[in-house]
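Residues per chain, in single letters:
Protein chains: 2
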Amino acid sequence: MTFSRSSSITFFILALFAVLINPAISSRASSFTKPPLSSIASYCESWRLAAETNNAGTWKVVPSQCENYVKNYISEGQFDKDYDLVASYAIAYAKTVKLGRDGKDAWVFDIDETLLSNIEYYKAHGYGSQPYDNTLFNEWVVKGTAPGFDASLRLYKALKKLGFTIILLTGRDESQRSITEKNLRDAGYFGWNRLLLRGKNDQGKAATLYKSEQRSKVVKEGYTIHGNTGDQWSDLQGFAVAARSFKVPNPMYYIP
Amino acid sequence: MTFSRSSSITFFILALFAVLINPAISSRASSFTKPPLSSIASYCESWRLAAETNNAGTWKVVPSQCENYVKNYISEGQFDKDYDLVASYAIAYAKTVKLGRDGKDAWVFDIDETLLSNIEYYKAHGYGSQPYDNTLFNEWVVKGTAPGFDASLRLYKALKKLGFTIILLTGRDESQRSITEKNLRDAGYFGWNRLLLRGKNDQGKAATLYKSEQRSKVVKEGYTIHGNTGDQWSDLQGFAVAARSFKVPNPMYYIP
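Protein chains in written order, with full-length UniProt numbering: chain D, 1 to 256; chain V, 1 to 256.
Just chain D, same shape as in the assembly (with noise of 0.2 Å):
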């Protein structure tokens, strides 16, 4: 193969240029680790994190710097993948629970960001990177559009199947419920044994302290709590916790 000297020069600079402005191309160096990341991606990355594990405590807004992360993180399939796995990891565990024969067994949802995703509404509003609006969320809620997650309906329909009570338990005022009972059966879930939703005695409580409320009631009635699943920390801490707790990713949003 010969090049006339013109044209290897333009080969040369044409492949370089295609090489370093194509992810795609220039990832194939590395097919096996992570590429470094930017400085800003890297930050992006230990604020995930940090807020994936509860270490950032109390935050309002992704920061501003990382809101093209979140939406890359979000668009491009690694959100689905890391909820993907919480799911199959809570499979396994409930495969493991010696159910009794009388219907006792319980497992606890949350269900925004946990069964329903508002991302279409945060796609609209930067991400998470701009402050909650609670009008223009309740507008969105009440349209009853929000789809499952392809990973909470695969944890949803194998828990059924499995025999488990299913208790949904959402941060959600009372007057929703039709409309998010209805949006619950349209995204594929059913067969709930109630859904609980804040009621008048419940308004301005912590959203940690509500839920354990309710969760103790349920452990009253003589429930036992083997599951729970749930986006934020306050789904899943204070008392009457479960056996096993499963935190899904949600990079968008923190209530306290």
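Accuracy of the hints is not assured; some may be wrong.
Copies of the same chain look alike in the list, so a pair counts if it fits in one copy or across any two.
Within a straight-line C-alpha distance of at most 25 Å, the following computed DSS-like cross-link-like pairs (lysine-lysine) qualify [unchecked claim]: (1) Lys-220 / Lys-60; (2) Lys-182 / Lys-81; (3) Lys-71 / Lys-81; (4) Lys-157 / Lys-71; (5) Lys-81 / Lys-95; (6) Lys-220 / Lys-98; (7) Lys-95 / Lys-71.
Just so you know, the hints here were simulated from the structure itself, not pulled from any lab data.
Since the structure of chain D is already known, use the hints to place chain V on it.
Same frame as chain D, now just chain V:
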């Protein structure tokens, strides 16, 4: 600038080769976003997040396909950045604590992979992909040469300066007291209130129970445990838990 035909071809091939084998060059292509990951790296990302959030439950070894991923995560600096951000969150929180004058404002630290790094040991043992060997690990411990982490030294010194009483609580055996104290001092730590190690009555106890019991005694002495820092969930959970817990990264091993 002109090229001879042969030198231009040679240069083109060398340049292309350099770009393809060098992730530092190829990653320039996407300085603000994360380049796409290989499916192995993507799985290992999900696995590490699941491990750090305690979703993976008890695990014995790093998945074999993730050995290289964990090696790179640690050796290429993301691990240090992740720990550093946790330290920053811990310091920010510590500054909000109003300390009394009675010296009863406590902060608990675990030792291994929290204050002292055994990464040199794990580097020689597959970064956690080989089963834990108690004999070999203890041979390493009694050398007493484990360094501190930059982030843990920064956090420790900041807490000392703020006036916290430091309590060290480790799963190491009482027989390793002297070498542990010497190692800690050599690594730059100083002025702790006490070092709690596993005594005769603690043998065989699960880490969560042993550590909860020890914290409980501290609380009964009148201390308030404002913060707790550990690389294991068993350092942080159970009873007599701290007001805020900080889970520092450790993708190499899990202690139930």
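Hints versus structure:
{"no.": "1", "hint": "Lys-220 / Lys-60", "verdict": "neither (35 Å within a copy, 36 Å between copies)"}
{"no.": "2", "hint": "Lys-182 / Lys-81", "verdict": "neither (27 Å within a copy, 44 Å between copies)"}
{"no.": "3", "hint": "Lys-71 / Lys-81", "verdict": "both (15 Å within a copy, 21 Å between copies)"}
{"no.": "4", "hint": "Lys-157 / Lys-71", "verdict": "neither (28 Å within a copy, 37 Å between copies)"}
{"no.": "5", "hint": "Lys-81 / Lys-95", "verdict": "within (21 Å within a copy, 37 Å between copies)"}
{"no.": "6", "hint": "Lys-220 / Lys-98", "verdict": "within (20 Å within a copy, 38 Å between copies)"}
{"no.": "7", "hint": "Lys-95 / Lys-71", "verdict": "neither (34 Å within a copy, 32 Å between copies)"}
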